[in-house]
Amino acid sequence: MLISIIHMVYELSGYIGFKEHRVWKASVSGQIHYSIVEEMRKDSVIANIADDLGLDIKQLSSRKLRIVSKSAEKYFYVKQENGNLYIRDRIDRETLCGRASTCSITFDAVVENPLNIFKIKVEILDINDNPPYFFNNKNTLEIIEFTSPGARFALQSAEDPDIGSNSVQTYKLSENQYFTISENIRTDGSKYPELVLEKPLDREKQDIHRLILTALDGGNPIKSATTLLKVIVIDGNDNAPIFTQDMYKVTLKENIPVNSTVIILNATDNDDGVNAQITYSFMKTSGKIHHTEIFSISPNTGEIKINGNLDFEETKDYELSVQAKDGGGLVAHCKVLLEVIDVNDNAPEISITSLSSPIPEDSEPGTMIALIEVHDQDSGDNADVDCQILEDVPFNLLALENYYKLVLKMYIDREKTEFFNITIIATDRGSPPLSSTQILRLEILDINDNPPIFAKSTYVTYVPENNLPGASIFSIQASDPDTGDNAKIIYSISNTNTETPSMTSYLSINIETGVLYAQRSFDYEQNKEFIIEVTASDTGSPSLSSNVTLFIHIVDQNDNAPKILYPSPDTGGSVVFEMVPFVSEPGSLVTKVVAVDADSGHNSWLSYHFILVSDSTHFVISERTGEIRTSRIFHEKDVLNYKVIVMVKDNGHPILSATATLSLIIADDFQQVVPKLSNKLKDEETKSNLQLYLVVGLALISLLFIITVMVVIISKCKQPKPLPAFSSLATNLYPPIDPRTFSMYSDGSLPLPYSYNMCVALDPADGDFSYMNPSGNVPVENLIDADNTEQGAERFPEVLPNPQQCMEYYYTYFISRNYIIGLIVKCNI
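Numbering (the numbering used here), first residue to last: 989 to 1817.
By construction, these hints were calculated from the structure, which means they are not laboratory data.
Beta carbons: idealized from backbone N, C-alpha and C, even for Gly.
Among the hints, erroneous ones may be present.
Said to hold, decoys possible - Here are the computed lysine to aspartate or glutamate pairs in the DMTMM-like style, where the Cα-Cα straight-line distance is at most 25 Å: (1) K1393 with E1061; (2) K1241 with E1349; (3) K1211 with E1082; (4) K1476 with E1521; (5) K1397 with E1349; (6) K1397 with E1431; (7) K1304 with E1133; (8) K1107 with E1349; (9) K1107 with D1080; (10) K1109 with E1163; (11) K1551 with D1511; (12) K1293 with E1431; (13) K1187 with D1176; (14) K1058 with D1096; (15) K1241 with D1299; (16) K1237 with D1190; (17) K1052 with E1302; (18) K1444 with E1500.
To be verified - Quick list of the computed label-pair ranges, beta carbon to beta carbon: (19) M1398 with I1499: 34 to 40 Å; (20) N1124 with L1343: 52 to 58 Å; (21) E1291 with F1134: 19 to 25 Å; (22) V1331 with N1258: 39 to 45 Å.
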């Protein structure tokens, strides 16, 4: 059903006043059809195309409503703000379609998201905007004076670019007594005038008749054109030329060669001589190009030839008006209609009307990538075009009338292919077929779909201890196949072992390069291994990450000297005594030096050696176990006291060592050896004192008397003298050692230390040892404070000297099973 939209205000270009024009709208078979008059003013509204297509005006911008047509875009445009279709430029129906009975412009209205294509046809209706016109302003006609009334003479017809009622409808002749005008209709419906003789002519009375011929169209208002018709009355020629047809139709292929014959016209004349000689000429031609540029006619033969190249795409038909004039001045007219037939001389044209590039790599199959318009200026089969993609790519072309949609047919991965070069070839169905190609470069937009990847699942590195703080110890790298921010990696570390201290105090990592640095020196003896987890995170959104485990093994360096556990190093420098039974057999175990090394591996392999021994023939030491054994039996004449220094060294580089000094006492009973040892110690001390006296005497002879008196006073003192050799005899003879230590460092050949329920004291007066045994075991709860000397004297009055006789004294006690079993009192007078 046609809907009439009447626009009452319209100013016709070149005219003053208002004209009514109509817009007709209809929807037929999915096509929107508008009818408008030509010469509408620029920016005039044709219709609201959005409403007619059922589109939401609010979505026009996002859906990208637009016109797609090279020819239509010249005349129309659409506004996305309101959906109105507007006139862009003046439309002249006669220029656009010539004398065609119907004239229309067809274009596509395209919307996206989702894609829809609507066919829009705008019919251009003719208005009476062109007046008729004659090809010549003056025409001459020669008529023999003996011509009988009723004779008809063909005249030049007026032309009007308009059609229908707006074209030439009637002819009028100025008033006279000899001629009238008659109108005839050709087969194409056009009218042409004929001059009719009404009464005989008399050349002697009037040899020239001047008449005004007027052509009028049927428009409103009526427009007209005039030409001067000059009739010359002559003698003789009483027959006018006659064409075999009043209209000729010829079809030509547009590739017809130049100088080819189009048609040979034939006009006859029944006269003889000069009056029968006919001359052919063009009167006029319709169309945009003047006929003389394309066609030529032979004046003598009436042969029409091609002067130039025909182009179907430019002009599809020509109308030639031919005049045949005899020697007597009589003329005849005919029309030649030339229809140009299309040949396949235009390759298809490919236009990309919409393109989404780059496209995200996670696009779903079926996503439209591009909208491609294919146009061929030819017609018929020559304009039917097929498109295809040459490469094997994950895209398809879907036909949609004169369009093709390029859609994704499968998932794509930018990490495999960063872009696609898509070659689209369009081939028409002409003979021979013509084709054209268009290359699309389609970029793939990266998304963060790949986490960083490490080359290995775990990494292992070895770092020597005592390293420099801040030194680089390892470099760990991850790769990310993404690009841009999605491939930028940030590294971080975390501790996987909760038993080890915080990683930040030991290690740091460069967040950009993945280089690990030591924050401080490592100590193998404290931390032998670090297990850390390195996380590589990209900066995409959302961020992806992956982890890898790094084992950092601290390599031991020989930075710890052996530590001797027995003899205990806590003796304060005193010599440790060991009792060796006199009746010991060769190979008997005397004692065992126990040492450990905090290092590991070769650095902790210990060996034991004597570096100072009184008589090396009596004792030997095991290099591996540290056991000291007798090498032979003892004799009465042998020395009873042996001083040995044991060196314990490791196997590292450089070698580190430790020493321990032992005093080995040969005796079956401790009471036998104590007096001898005491005398020996006194002799050594006396000898040392004499040397001191000599030095002092040489320096200070004047003080010799005073020193002698002091020596006498000291010799009369009954308090015992301090014995350095025995000062730690009780406390260091068998220092307390954790039994677990022996279980770790002993092979079980040496028993635990012995306990003696005895105590030894040295009388300063006579140099003898005295033995003090408490009257009973003293409980630990009654333990005497070592600093409280008075309480100590009260506890053991029968054995302690008078505190008043001592300038300084202190005591040492032994504890076994929570009881005091012995006491040593040392007094310095």
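Those earlier numbered hints the structure runs against, lowest number first: Hints 2, 7, 8, 10, 12, 13, 16, 17 and 21 contradicted; others consistent.
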